[in-house]
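K.L.:
Produce the complete structure using the sequences and hints provided.
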Amino acid sequence: MTVLVVSLSLAVLAAPAAADEKVTVFAAASMKNALDAANKAYGKPVTASYAASSALAKQIESGAPADVFVSADLDWMNYLSGKALVKEDTKSNWLGNQIVLVAPKENAAPVDIIRGLDLARLLNGGKLAMGEPNSVPAGKYAKSALEKLGIWSSVEKSVAGAESVRAALALVSRGEAPYGIVYATDAAADPGVAVVGTFPADSHAPIIYPIAILSDSKSPDAAGYLDYLKSAKAAPFFEKEGFTVLK
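Numbering (mature numbering (1 follows the signal peptide of the UniProt record, and there is no 0)), first residue to last: -19 to -1, 1 to 228.
Please keep in mind that the hints were generated in silico from the structure rather than gathered at the bench.
Think of the CB as a built atom: it goes at the ideal place given N, C-alpha and C, for glycine as much as any other residue.
One or more of the hints may lead you astray.
Keeping only pairs whose Cα atoms sit at most 25 Å apart, straight-line, the calculated SDA-like set for lysine to any residue is [unchecked claim]:
#	residue 1	residue 2
1	K228	Y60
2	K64	Y31
3	K72	N59
So the derived label-pair ranges between C-beta atoms look like this [claimed, not checked]:
#	residue 1	residue 2	range
4	A18	D197	24 to 32 Å
5	P26	D70	18 to 26 Å
6	G106	N59	37 to 45 Å
7	D56	E137	16 to 24 Å
8	K21	P91	33 to 41 Å
9	G106	K25	17 to 25 Å
10	A204	N59	39 to 47 Å
11	A213	E137	38 to 46 Å
12	P201	E137	47 to 55 Å
13	K25	R102	50 to 58 Å
14	P26	R102	46 to 54 Å
P.N.:
Here is the structure:
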C-alpha cells in the first residue's frame, strides 16, 4: 500500500513537467499548411494556433500561454518586442513570401499588375477580398502595393477586409468576391482559386516572417523546436508551399 501511494504521488508530481514539454506555437494564418506538415515530422508534441498576426500578438499581450510566435510581418513582432514579451536573442527573420491577385478558378484570366491598372473595372461592382488593411499583415502589404501603383483610391470602397488572409482567400474560393489579394503560399493551398497576377516586389516592403521564443515560455523544448524549424530538415516543408527560407 505504501509503495502504491508513493508511486501515485510521484506520478502526480511528474505530470506538470510532462505537460510543460509540449510546445505551443502561435503562427500567422498563412503558415498553416507548411507548419502543420513540419510539426507532424517533428515527432514531439506541438500545439499550433493560427490567426492573423495582429490577433495573435494581442492575445499574447493579454497573457495567452504560448512558447513561439511567428508573425507575417515585422511590425507585430516589434510590437511584442517593445513590450518585452519576446526573448530578443532568439528573434530572427525566417521566411519570405509574395502577394498575388487571385480569382475563382473557373473565372481566371491573366491580369497585368502595373501602375494605373483599372482594377475597379475588373471588379465590376464586386468586392476585393483582402486582409483588414490597417491590421492584418497581408492586408497592409496589399494596401501599400495598391497605393504605390495608384490603384487604391479607385477600389478602397470595394474592399472586403477579412480577419485573416485565409478568410479573404475563402471569400474568393467560394465565389463571394471576384478578386482577392493574398499571399502566394495561400493561393497555392486552395484549389478553388487561381493566381492571375503577382504584385511587383518594389510595390511594397519585403514580406518577412520573423520568429522568436516568447519571454513567458515555460517549455524546455522551445529552443529545440525553434532550431528544428530553422534547420535544413524542416526547410522543404516551407519551400514546398512557396515560402522563401531566408539565409
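K.L.:
Work down the list of hints and note, for each, if the structure agrees.
P.N.:
Cross-check of the supplied hints:
Annotation: proposed proximity of K228 to Y60 holds, straight-line Cα distance about 24 Å (limit 25 Å). Restraint check for K64 and Y31: the C-alpha separation of about 22 Å stays at or below 25 Å, so the hint holds. Of the supplied pair hints, the one linking K72 and N59 holds, its CA atoms being roughly 10 Å apart against a limit of 25 Å. About 27 Å separates the C-beta atoms of A18 and D197, a value consistent with the hinted range of 24 to 32 Å.
Judged by the Cβ atoms, the range 18 to 26 Å given for P26 and D70 holds: they are separated by roughly 25 Å. For the hinted restraint 37 to 45 Å between G106 and N59, the CB-CB distance of approximately 39 Å keeps it satisfied. Checked against the hint of 16 to 24 Å, the pair D56 and E137 passes, with Cβ atoms roughly 21 Å apart. Between K21 and P91 the Cβ separation comes to about 36 Å, which falls inside the hinted range of 33 to 41 Å.
Remark: the range hint 17 to 25 Å for G106 to K25 is contradicted by a beta-carbon distance near 51 Å. For the hinted restraint 39 to 47 Å between A204 and N59, the CB-CB distance of approximately 22 Å leaves it violated. Judged by the Cβ atoms, the range 38 to 46 Å given for A213 and E137 holds: they are separated by roughly 43 Å. Taking the beta carbon of each, P201 and E137 are about 49 Å apart, inside 47 to 55 Å as hinted.
Checking the proposed 50 to 58 Å range against K25 and R102 shows it holds: the Cβ atoms sit about 52 Å from each other. For P26 paired with R102, a C-beta distance near 51 Å keeps the hint of 46 to 54 Å intact.
Hints 9 and 10, counting from the list given before, are not met by this structure.
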